[in-house]
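Student: Residue-level listing of the chains:
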Amino acid sequence: MRVVVLVKEVPDLEAAVKVTGDGSGLEVEKRRGLNFFDEIAVEAALKLKESHGAVTTAVGASAGAGVEAMRRAVAMGIETPLLVDDPALDGADSLTVARALAAAIALEPADLVIAGKQATDDEAGLVGPMVAEILGLPCATRAIGLEVEDGFVLVTREIDGGEEVVRLPLPALITAEKGLAEPRVPGMAGTMKAMKVQIERTDLATLGVQAHPVLPVAAYRTVGKRPPVKMIEGEPADAAAELVRLLRQEAKVL
Amino acid sequence: MSGLYVICEARGEEFRPATYELLAVARAITAATDGEVTAVVAGPEVALKSKLEGLAHRVLALTAPELTPFSADSWVDALATAIEAGSPRAVLFGEGGRTREVMPRLAARLGAWALSNCVDLRVSGAAAAGAGSVEAGDSGATGGAADGAALEVSRPVYGGKAYVTNLVPADGLLLAAFRPHSFDAGMAPAGLTTAVEEVAAPVAASRVELVERREGGPRKADLTEAAVVVTGGRGMKGPENFGLLEDLAAALEGAVGYSRALVDAGLAEHAFQVGKSGKTVSPTLYIACGVSGAIHHIMGMDTAKVVVAINIDPTAPIFEYADYGVVGDVLQVLPALTEQVRAATS
Ligand SMILES: Cc1cc2nc3c(=O)[nH]c(=O)nc-3n(C[C@H](O)[C@H](O)[C@H](O)COP(=O)(O)OP(=O)(O)OC[C@H]3O[C@@H](n4cnc5c(N)ncnc54)[C@H](O)[C@@H]3O)c2cc1C
Ligand SMILES: Nc1ncnc2c1ncn2[C@@H]1O[C@H](COP(=O)(O)O)[C@@H](O)[C@H]1O
Numbered sequence: 369m370r371v372v373v374l375v376k377e378v379p380d381l382e383a384a385v386k387v388t389g390d391g392s393g394l395e396v397e398k399r400r401g402l403n404f405f406d407e408i409a410v411e412a413a414l415k416l417k418e419s420h421g422a423v424t425t426a427v428g429a430s431a432g433a434g435v436e437a438m439r440r441a442v443a444m445g446i447e448t449p450l451l452v453d454d455p456a457l458d459g460a461d462s463l464t465v466a467r468a469l470a471a472a473i474a475l476e477p478a479d480l481v482i483a484g485k486q487a488t489d490d491e492a493g494l495v496g497p498m499v500a501e502i503l504g505l506p507c508a509t510r511a512i513g514l515e516v517e518d519g520f521v522l523v524t525r526e527i528d529g530g531e532e533v534v535r536l537p538l539p540a541l542i543t544a545e546k547g548l549a550e551p552r553v554p555g556m557a558g559t560m561k562a563m564k565v566q567i568e569r570t571d572l573a574t575l576g577v578q579a580h581p582v583l584p585v586a587a588y589r590t591v592g593k594r595p596p597v598k599m600i601e602g603e604p605a606d607a608a609a610e611l612v613r614l615l616r617q618e619a620k621v622l
Numbered sequence: 117m118s119g120l121y122v123i124c125e126a127r128g129e130e131f132r133p134a135t136y137e138l139l140a141v142a143r144a145i146t147a148a149t150d151g152e153v154t155a156v157v158a159g160p161e162v163a164l165k166s167k168l169e170g171l172a173h174r175v176l177a178l179t180a181p182e183l184t185p186f187s188a189d190s191w192v193d194a195l196a197t198a199i200e201a202g203s204p205r206a207v208l209f210g211e212g213g214r215t216r217e218v219m220p221r222l223a224a225r226l227g228a229w230a231l232s233n234c235v236d237l238r239v240s241g242a243a244a245a246g247a248g249s250v251e252a253g254d255s256g257a258t259g260g261a262a263d264g265a266a267l268e269v270s271r272p273v274y275g276g277k278a279y280v281t282n283l284v285p286a287d288g289l290l291l292a293a294f295r296p297h298s299f300d301a302g303m304a305p306a307g308l309t310t311a312v313e314e315v316a317a318p319v320a321a322s323r324v325e326l327v328e329r330r331e332g333g334p335r336k337a338d339l340t341e342a343a344v345v346v347t348g349g350r351g352m353k354g355p356e357n358f359g360l361l362e363d364l365a366a367a368l369e370g371a372v373g374y375s376r377a378l379v380d381a382g383l384a385e386h387a388f389q390v391g392k393s394g395k396t397v398s399p400t401l402y403i404a405c406g407v408s409g410a411i412h413h414i415m416g417m418d419t420a421k422v423v424v425a426i427n428i429d430p431t432a433p434i435f436e437y438a439d440y441g442v443v444g445d446v447l448q449v450l451p452a453l454t455e456q457v458r459a460a461t462s
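These protein sequence lines are chains B and X, in that order. Mapped onto our numbering, the consecutive letters of the first sequence carry residue numbers 369 to 622. Mapped onto our numbering, the consecutive letters of the second sequence carry residue numbers 117 to 462.
Everything labelled a hint here was simulated from the structure, so no lab data went into it. We treat Cβ as the ideally placed atom computed from N, Cα and C, and that holds for glycine. Hints may be right or wrong, so weigh each one.
[As the list claims (entries may be wrong)] Computed footprint of chain X on chain B, listed as stretches where at least three residues anywhere in the stretch have a Cβ under 8 Å from a Cβ of chain X: (1) 411-418; (2) 436-447; (3) 548-560; (4) 567-573.
[As the list claims (entries may be wrong)] Partial selection, computed: residues in chain X whose CB lies under 8 Å from chain B: (5) Ala147; (6) Gly151; (7) Ala306; (8) Arg329; (9) Ser393; (10) Asp439; (11) Gln448.
[To be verified] Under the rule of at most 35 Å between Cα atoms (straight-line distance), these lysine-lysine pairs were calculated in the DSBU-like manner: (12) B:Lys598 <-> X:Lys167; (13) X:Lys165 <-> B:Lys386; (14) B:Lys417 <-> B:Lys598; (15) B:Lys620 <-> X:Lys353.
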């Protein structure tokens, strides 16, 4: 069984983000790592390597970056890293990224593709299901449980208002929700291996991928900071009464 | 390309509030730019279509049997056909699990732009804010007639550290998912004459077999939808005190959320976790009880309209993200607050 994990390199959750001068650009501090949900996806793939002898590949798409994420995936235990590295992927539309990843996956078709539920930078949750659609694969999002049966996967997934169990014929694509697997911390051997690993690279032209146009940006802006907090003093009963009064009369939300 | 489609999603026997919000902003925009508002109902929602009377120019009801119960394969197929046939300039969805199964696949199939997490939509150049009005006529960006105006759509990125506004050209197709409470359902007058059109064309069957569905209590669905969210953090100590959160939430007709500290300690379910690795909520009122205000938590609630923080530590970071703060023991403040809310709203 061949399992492909989609790994995205994203800025650290703590990375500073600054809107430049006139709102025309965004400066993001260069502290990067493997996306939170992709780490869970990697772990789920490694579980299948251990239980079903799955062969695992990590695929990423990036413009001149992505190595950090690849190394992390390899350090955890992924065997082959493949990076679509192309300047046209800089700020690319999600559909371009999905086409690139789909084309890379198609080079050596997978039985199961695992993406993250969403990336922590755009929180879009678009690319996984897009890849499924492009490759014509059935898709289950937000997986919190995974079992392989003969030619099928049984997926437990979160849905609005509860959970469900679904059976998908392979090949299929799933996206990983928190709870699917607890990512391991790479050991010394894995880390050493990751430092030396040869990352295979390709680009959009080689894959025959056409970019989807980028949606023009009108402006970036920083978050409209809330006005300074209004502290409410007094014993619990008095503070509660004053809070309710403010919520009704000033904030008008009650 | 003209007109706007709104995908009308229900929870049980009633449409999500987001449905009415999106129909309202769609009416405001089409009033300013011409074009029609089409309310799309499919499968289980078809039965509720009379509730849309007056809210759209047209109700498009997709009635193929494969659409009930919901399955992404069939819905993507049916919606793709409907969108291609009507060629709207934008299709508006409410953020949620179902949207996130359907919208990206539709975008891939149709070669459209898709944006998640949107919080504002307006005609380019119109001076309107979030739940404000969309003003007619002024199409700043294109300088042409209003019906050729670009749309502007805004959303937070990097966990809300910045907002980006995209410009959608008049000849492109946009699929956009909006967070609940992004618009005021009363922002544009209703009272339209609504034509109903039924489409029964066959659609693809689902390749995904549903084995079992476990719907949780009503609270589960309510968290991202609720107008009021009361969240407990480690300061709540343990489940023996969670009833205090539930009481306040009940008095406010809201939902209860938890910080990751409580989820990781096994005291609450992940489905109710608010924050970066949990749910993103965008309610009108957010009340953080014994939550310290770690950035990962803030990322899940910072688009709330009004934030209240109750914390025993006056230096807790949560106060930097709050409109109102109470320094005190949650175990004492919460019962007092619930009592005051009951008195004020009864
Ligand atoms: C990758 C990643 C993702 C994460 N995702 C999330 C997420 O999605 N959601 C999330 O919440 N966190 C998330 N976290 C964790 C986050 O960093 C914090 O650890 C967590 O939010 C802390 O939870 P807390 O505020 O409940 O607990 P604490 O930080 O321990 O704060 C407890 C607060 O309660 C106050 N308190 C104590 N007793 C009382 C009392 N009697 N009355 C009133 N106040 C009292 C204290 O003063 C303190 O401020 C994530 C972390 C990482 C690294
Ligand atoms: N550039 C990328 N390279 C590899 N995987 C990606 C990339 N972008 C998105 N993905 C995958 O798609 C998921 C959702 O991403 P997003 O649509 O950006 O929220 C991520 O968790 C990854 O698994």
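Student: Decide, hint by hint, whether the structure agrees.
Tutor: Results for each hint:
With 0 residues carrying a beta carbon less than 8 Å from a beta carbon of chain X, the stretch 411-418 of chain B misses the three-residue requirement, and the given coverage is violated. Proximity of the stretch 436-447 of chain B to chain X, defined as three or more residues with a beta carbon under 8 Å from a beta carbon of that chain, is not established by the 0 residues found. With a cut-off of 8 Å between beta carbons, the stretch 548-560 of chain B has 0 residues touching chain X; three or more are needed, and the interface restraint is violated. As drawn, the stretch 567-573 of chain B meets chain X at 0 residues by the rule of a beta-carbon pair under 8 Å; below three, the given contact is violated.
The criterion of a C-beta within 8 Å of any C-beta in chain B is not met by alanine 147 of chain X, whose closest approach is roughly 22 Å, and the hint is violated. Interface restraint check for glycine 151 of chain X: the shortest CB-CB distance to chain B comes to about 20 Å, outside 8 Å, so the restraint is violated. Annotation: interface hint on alanine 306 of chain X violated; nearest CB of chain B at approximately 23 Å, more than 8 Å. The criterion of a C-beta within 8 Å of any C-beta in chain B is met by arginine 329 of chain X, whose closest approach is roughly 4 Å, and the hint holds.
Because the closest C-beta pair between serine 393 of chain X and chain B is about 5 Å apart, less than 8 Å, the hint holds. At about 6 Å, the closest approach between the beta carbon of aspartate 439 of chain X and any beta carbon in chain B falls short of 8 Å, and the interface hint on this residue holds. Given hint, glutamine 448 of chain X at the interface with chain B, holds; its Cβ is 4 Å from that chain's nearest Cβ, closer than 8 Å. A hinted pair counts as satisfied when its Cα atoms are at most 35 Å apart, and lysine 598 of chain B with lysine 167 of chain X does not qualify at roughly 41 Å.
Between the alpha carbons of lysine 165 of chain X and lysine 386 of chain B the distance comes to roughly 46 Å, so the proposed pair goes past 35 Å and is violated. Between the alpha carbons of lysine 417 of chain B and lysine 598 of chain B the distance comes to roughly 55 Å, so the proposed pair goes past 35 Å and is violated. Of the pairs offered as hints, the one joining lysine 620 of chain B and lysine 353 of chain X holds, with about 31 Å between alpha carbons and a cut-off of 35 Å not exceeded.
Hints 1, 2, 3, 4, 5, 6, 7, 12, 13 and 14, counting from the list given before, are not met by this structure.
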